[in-house]
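**Student:** My request is simple: use the sequences and hints to build the entire structure.
For the sequence shown, position 455 matches number 455 in UniProt numbering, and the numbering has no gaps at all.
I should point out that these hints are in silico values taken from the structure, not numbers from a laboratory. Think of the CB as a built atom: it goes at the ideal place given N, C-alpha and C, for glycine as much as any other residue. Fair warning: there could be bad hints in the mix.
[To be verified] Now the in silico label distances, taken between C-beta atoms and shown as ranges:
1. R273 - R197: 27 to 37 Å
2. L184 - D57: 23 to 33 Å
3. R380 - M190: 24 to 34 Å
4. K115 - D389: 55 to 65 Å
5. N254 - K437: 34 to 44 Å
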Amino acid sequence: MPAIDILKLDTNEGLGYTADVHLLFAASGDLRNIVKTVASVPESSANKFSVDVNDRDFDIVSRNAILLLVAFVAESDVQAVDCMIHVWYSAMISRDHMELLCGPVRKLVEDVCSKITSKAPGTVLGKTWHFKSSSLRLVLTKEQWSLLLACFSVPESLTSDRAQQIRTSITMAHERRDHRDRALFTRPPMHRICATRFREDGVLLPFGQSRTPFNQPNPTLFRSEDWPMKDSADPLDGWTYADISGSSYGPATNDVYGKMHSYLRRLFADFHRRLSSLSVNFQLFNIDAQKLDAHLQDGTFARVEVSNISDNWCLGAASTVAHLGRFLQPSNINPHATLLTLFMNAVDEEMTSADELQSFNTELTKVLRYVPPIEISQSRYDPLALLRDAARDLVRDNDKYFERYMKKNKFNDIEQHFGVVAKEGHTIIDKWPLRLKKRPIEEGAKDEFRLLLASAHTGAERYVEWKRAA
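**Tutor:** Shown next as structure tokens:
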């Protein structure tokens, strides 16, 4: 899902709000929501911020910790931003990036490891680093601290050429060519070229910029002689395309990854400046979200964001609210305190074969208002026919399926049992943030349709905001 600002301070508590603000990202994934939220806080804000970030995947937590340390120890905005972008997204990084990682950043972790050698195995140890008005606290077991230290080096036998071969054996695998074609055929032709270039070299740069300095395998990704990501992993999926496409970039208007690079430079620079101008205290955990109550205090958070662990494949809505709704501030203290849950699979779960058949003609009629009619092809794999079928997801009436999902999963009982209320009017993020907003006859409607069709999203992604009951 694209990054969101989970605070929206100006339209919720208000710019005159001066109390301390506590934010919890209970299943954070990468840092995109954290970066977007902190970067969106006005520089003039007088609030103190605490940001608790948790994920049960150690690889995610370790990379998040390293990226935050880079942001804190870099000597300038330019150095911090450039290193963050490439450590985050690029398979190969430059010597300057490696020197920052393996110099001041590694030393901070190395100092911790040298002091805990006598601790018993399994001991949980926390370390707080202070930087001007902000800080970063990391809580790991003794063994995990050692694993974190190992993230600053790659296997001795891993050369740059070998690292690229390992990666392209996944991203450009011959046996996956049909999957690649299906991922590309909904995109504009120029975007296909950019996407293929990224699959080939794995460096997030403008299309025409030299890759020569990027000759060091990224140690936060190449921890072994394997590539840890799916071939479909794409940096574009984590950011709002409208923000990227609207980024000022010069004449190369179709260089979508170059535009993303430009957009991230500005966003990360804002984030880096906020770390200096505001008081932001981070705390990182690597535990199951259901166990956060052993580390955090109930009733203290202005926002709790949980990604899509509320989907039924993970905790489900009831368990998510039961374990994490408790952390919200009471409504008499902060009526804007909000728990954000994301349901990415609800519509797919509710749709039956009968639903598909019943809605086919209606959806096809809607699609043809965006896509020209096509001649009936004898091939079931005709690209235009596949395009039309893929587009049906974008025009589907998802509300009725989510209503069915809420009834089946007893959302009313959740409200009664756990002292929360689903907000009728959202104040942080639209209920359906990615659905088509324009009618087919409106100006820009077809462009909006094409952008959604070219993305990894369908418009069926549904947020529910919860608040504590009065």
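**Student:** Which numbered conditions among the earlier hints are violated in the structure presented, ordered from lowest to highest?
**Tutor:** Of the numbered hints, just 5 does not hold.
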